[in-house]
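If you're matching them up, the sequences are chains A and B in order.
Counting from 1, one number per residue, gives the positions in the first sequence under this note's numbering.
Counting from 506, one number per residue, gives the positions in the second sequence under this note's numbering.
Hints are supplied without guarantee of correctness; some may be wrong.
[To be verified] So, partial list: chain A residues that the calculated Cβ filter (under 7 Å) puts toward chain B: (1) L167; (2) L178; (3) G185; (4) N197; (5) I222; (6) E223; (7) F244; (8) L248; (9) M252; (10) F256; (11) K285; (12) T403; (13) V408; (14) F424; (15) K426; (16) S453.
Hints listed in this document are in silico derivations from the structure and should not be mistaken for laboratory results.
Think of the CB as a built atom: it goes at the ideal place given N, C-alpha and C, for glycine as much as any other residue.
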Amino acid sequence: MEALSMLLSGFSEAFTPLNLLAALIGAFIGTLVGMLPGLGPTSAIAILLPLTTVLGPTQGIIMLAGIYYGAMYGGSTTAILLNIPGEVSSVPTCLDGYPMAKQGRGGAALGIAAIASFIAGIIGVIGLVFFAPLLADQALKFGPPEYFSLMLLALTVVVSLAGNSLLKGLIMGLFGYLLAMVGMGPSGQVRFDFGINALSAGFDMISIIIGLFAVTEVLKGIEEKHAAISANNIGSVYPKWLDFKQSLPSIMRGSFIGFLLGLLPGCSTAVSTFLAYDVEKKVSKNRENFGKGAIQGVAAPESANNATSSAGFIPLFALGIPSSAPLAILLAGLMIYGLAPGPVLFEQNGSFVWTVIASMFIGNVMLLILNLPLVGFWAKLTQIPFGVISPIVLVLCFVGSYTVRNNVLDVFVTILFGILGYIFHKYRWPVVPLILCYILGPMLEQSFVQSLSMSGGSFSIFVERPLSLSILIGAAILLVVSLALVRRTKSSAKQAVGSDVDIAG
Amino acid sequence: MKQLGKRMRIISADRIGGIVTILAGGIALAEAARLYPTRTSMLVGDHTMPAVVGFLMVVLGISLLFTKGESFDAEFPDRKTMLSIIGTLGLLFVYWILFQFVGYVVSTLIVSVLLFRIIGSYPFFPKALLLGALLTTFLYVAFVYLLSIPFPKGMIGI
Numbered sequence: 001m002e003a004l005s006m007l008l009s010g011f012s013e014a015f016t017p018l019n020l021l022a023a024l025i026g027a028f029i030g031t032l033v034g035m036l037p038g039l040g041p042t043s044a045i046a047i048l049l050p051l052t053t054v055l056g057p058t059q060g061i062i063m064l065a066g067i068y069y070g071a072m073y074g075g076s077t078t079a080i081l082l083n084i085p086g087e088v089s090s091v092p093t094c095l096d097g098y099p100m101a102k103q104g105r106g107g108a109a110l111g112i113a114a115i116a117s118f119i120a121g122i123i124g125v126i127g128l129v130f131f132a133p134l135l136a137d138q139a140l141k142f143g144p145p146e147y148f149s150l151m152l153l154a155l156t157v158v159v160s161l162a163g164n165s166l167l168k169g170l171i172m173g174l175f176g177y178l179l180a181m182v183g184m185g186p187s188g189q190v191r192f193d194f195g196i197n198a199l200s201a202g203f204d205m206i207s208i209i210i211g212l213f214a215v216t217e218v219l220k221g222i223e224e225k226h227a228a229i230s231a232n233n234i235g236s237v238y239p240k241w242l243d244f245k246q247s248l249p250s251i252m253r254g255s256f257i258g259f260l261l262g263l264l265p266g267c268s269t270a271v272s273t274f275l276a277y278d279v280e281k282k283v284s285k286n287r288e289n290f291g292k293g294a295i296q297g298v299a300a301p302e303s304a305n306n307a308t309s310s311a312g313f314i315p316l317f318a319l320g321i322p323s324s325a326p327l328a329i330l331l332a333g334l335m336i337y338g339l340a341p342g343p344v345l346f347e348q349n350g351s352f353v354w355t356v357i358a359s360m361f362i363g364n365v366m367l368l369i370l371n372l373p374l375v376g377f378w379a380k381l382t383q384i385p386f387g388v389i390s391p392i393v394l395v396l397c398f399v400g401s402y403t404v405r406n407n408v409l410d411v412f413v414t415i416l417f418g419i420l421g422y423i424f425h426k427y428r429w430p431v432v433p434l435i436l437c438y439i440l441g442p443m444l445e446q447s448f449v450q451s452l453s454m455s456g457g458s459f460s461i462f463v464e465r466p467l468s469l470s471i472l473i474g475a476a477i478l479l480v481v482s483l484a485l486v487r488r489t490k491s492s493a494k495q496a497v498g499s500d501v502d503i504a505g
Numbered sequence: 506m507k508q509l510g511k512r513m514r515i516i517s518a519d520r521i522g523g524i525v526t527i528l529a530g531g532i533a534l535a536e537a538a539r540l541y542p543t544r545t546s547m548l549v550g551d552h553t554m555p556a557v558v559g560f561l562m563v564v565l566g567i568s569l570l571f572t573k574g575e576s577f578d579a580e581f582p583d584r585k586t587m588l589s590i591i592g593t594l595g596l597l598f599v600y601w602i603l604f605q606f607v608g609y610v611v612s613t614l615i616v617s618v619l620l621f622r623i624i625g626s627y628p629f630f631p632k633a634l635l636l637g638a639l640l641t642t643f644l645y646v647a648f649v650y651l652l653s654i655p656f657p658k659g660m661i662g663i
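In isolation and in its complexed conformation, chain A is listed as follows:
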């Protein structure tokens, strides 16, 4: 009940013109960037993150959440109309969405994708309203040892974000933490500055993110020679009643699967969309239609995608654990505003969190309102040549990395990490663990040092306290579950696209 009254007060805050505008602009820009060739939700947020820093924390995060949802939907538009999945999680949508587009039913596919995303998004946010405060209440009992165990649990996420090689994922995670250690340590010593004054303030996280995700994405795009592809005649965007009736059970199943998996820290949207598609195919009476334009094959993964994205906010807000690459960047966004996601977020910044949650409801409604009538417009946008988009993105990356601290060194770091990101991509080194450990590493160190100070240097403190021990056991279980899910998704993705793909999305 308390959650509901907090939510209502969140709604009253969210309904200010500025917050509504932030949600609308976020959803619009997110959809726009998400559907540009070669740019998925992760790069969309990476490019736009510095631009939101000029806003206040509430408007900034509302806009970022809108960008996240919008970019997810934008990604499904290119998947359906052009057979180009922005992220691996959109691959199942291609399987039936693109055949539908070729049959002239692209509009219906986009319409069902929008409706499925809306329903799943709302279900996910309702879950967020009830689950996150419960989780955060428990987490308020946390001391430094519990935080340390929680950080270890969060680091199990590396398994599902590592892509095809766990060893490389772990090394990248350590590399990320090494980068985070440059600058002031928890006891006040300057580390890894090698006598260079500019390094004593450390690296700016946003510059690294923009380099690794946005600049690298443009370099990959130049190589892939994205050409403007004309979208076929898409037909009506309003699905027929029969289409909707056929899709509704799939939407509910997809939402349920997506939401449950989204609760698990470390479960990416790729895992839930493939699982939802698999389940849908198994329960369908017309299995043979899958892969040839079955509307359920679009509805299930799209709803799972959005439900996982929404449910992902639960571990993010309540525990500070991001379960996917875009959420890791959103976590960075929260930290720019001096907000520490985790148990104390609800306690210390309750009004902020509830306003953001209320805005998610509004954002989902706006996305539906934006997407259905504007599908034709979005379809035209997919035809903008890459040669026009990429210089704009590169200049925005440059300017964006400068504006965070007004520091030219940050711009240099962005360019450097753009090159590194391209090399990492070529040699299949996953970059998301790097970002995750860059963010979580310093928190882990802080709680580790505090715990050992409390125990006089004894490690037993981590297993003597029941809550800490439970989290450690939970981390071990999650590790096993993540490994199993990753293996399953890898084989499903391989079946779908015919070769090994990076499932780190």
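Guided by the hints, dock chain B onto chain A, whose structure is given.
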């Protein structure tokens, strides 16, 4: 480019990654040793995590050297595309230098025109010039006029 690809296959990229990881781990261990005298206790201080990370990097780097990893060929694009990627990166570095010396507006105009020329293959006149001018104007209005971001003005003073 073919020869480069061949060489890449011979010298396993993962092994190079393993060596770089060991070197980075070594740097972290050296930093831990440097910070050790400032410790609160043996396990508590700014040296602890550099030591843990350094040790793990050395161990994982060695594992990578001796593990048979994924077998794949890192495919690089053809010469023309590779040149445009290198040209794009070179331009970003040029932008970084010009930005500090001739200021935001002039450097953005020059670099965006060149980027449209290199990536989009548009002719300098009128398309690349027009697109570059439009982009510079749009960004000027957004960042300087509306958001009041203080950009370097450089020698020219704009």
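Against chain B, with CB atoms and a cut of 7 Å, does the hint on A/K285 hold up?
-> violated (40 Å)
Measuring from the C-beta of A/K426 to each C-beta in chain B, is the shortest one below 7 Å?
-> OK, holds: A/K426 within 7 Å of chain B, min 5 Å.
May I ask you to test the interface hint for A/E223 with respect to chain B, counting a Cβ-Cβ separation under 7 Å as satisfied?
-> At 5 Å from the nearest chain B Cβ, A/E223 passes the 7 Å test, so the hint holds.
Would the hint on A/L248 stand, with a C-beta cut-off of 7 Å toward chain B?
-> violated (42 Å)
May I ask you to test the interface hint for A/F244 with respect to chain B, counting a Cβ-Cβ separation under 7 Å as satisfied?
-> violated (41 Å)
Interface hint outcome for A/S453 [beta carbon to chain B under 7 Å] = Holds. Min distance 6 Å.
Regarding the hint that A/I222 lies at the interface with chain B, is the smallest CB-CB distance below 7 Å?
-> holds (5 Å)
Was the hint right that A/T403 lines chain B, CB cutoff 7 Å?
-> holds (5 Å)
Would the stated hint for A/F424 survive a check requiring a Cβ distance to chain B of less than 7 Å?
-> violated (9 Å)
Hint validity - A/N197 Cβ closer than 7 Å to any chain B Cβ = violated (17 Å)
Hint status (Cβ of A/L167 to nearest Cβ of chain B, threshold 7 Å) = The hint holds - A/L167 has a Cβ within 7 Å of chain B, the shortest such distance being about 6 Å.
Do the numbers back the hint for A/M252, that is, is its least Cβ distance to chain B under 7 Å?
-> Status violated, d = 38 Å.
Of the numbered hints stated above, those contradicted by the structure are hints 4, 7, 8, 9, 10, 11 and 14, listed in ascending order.
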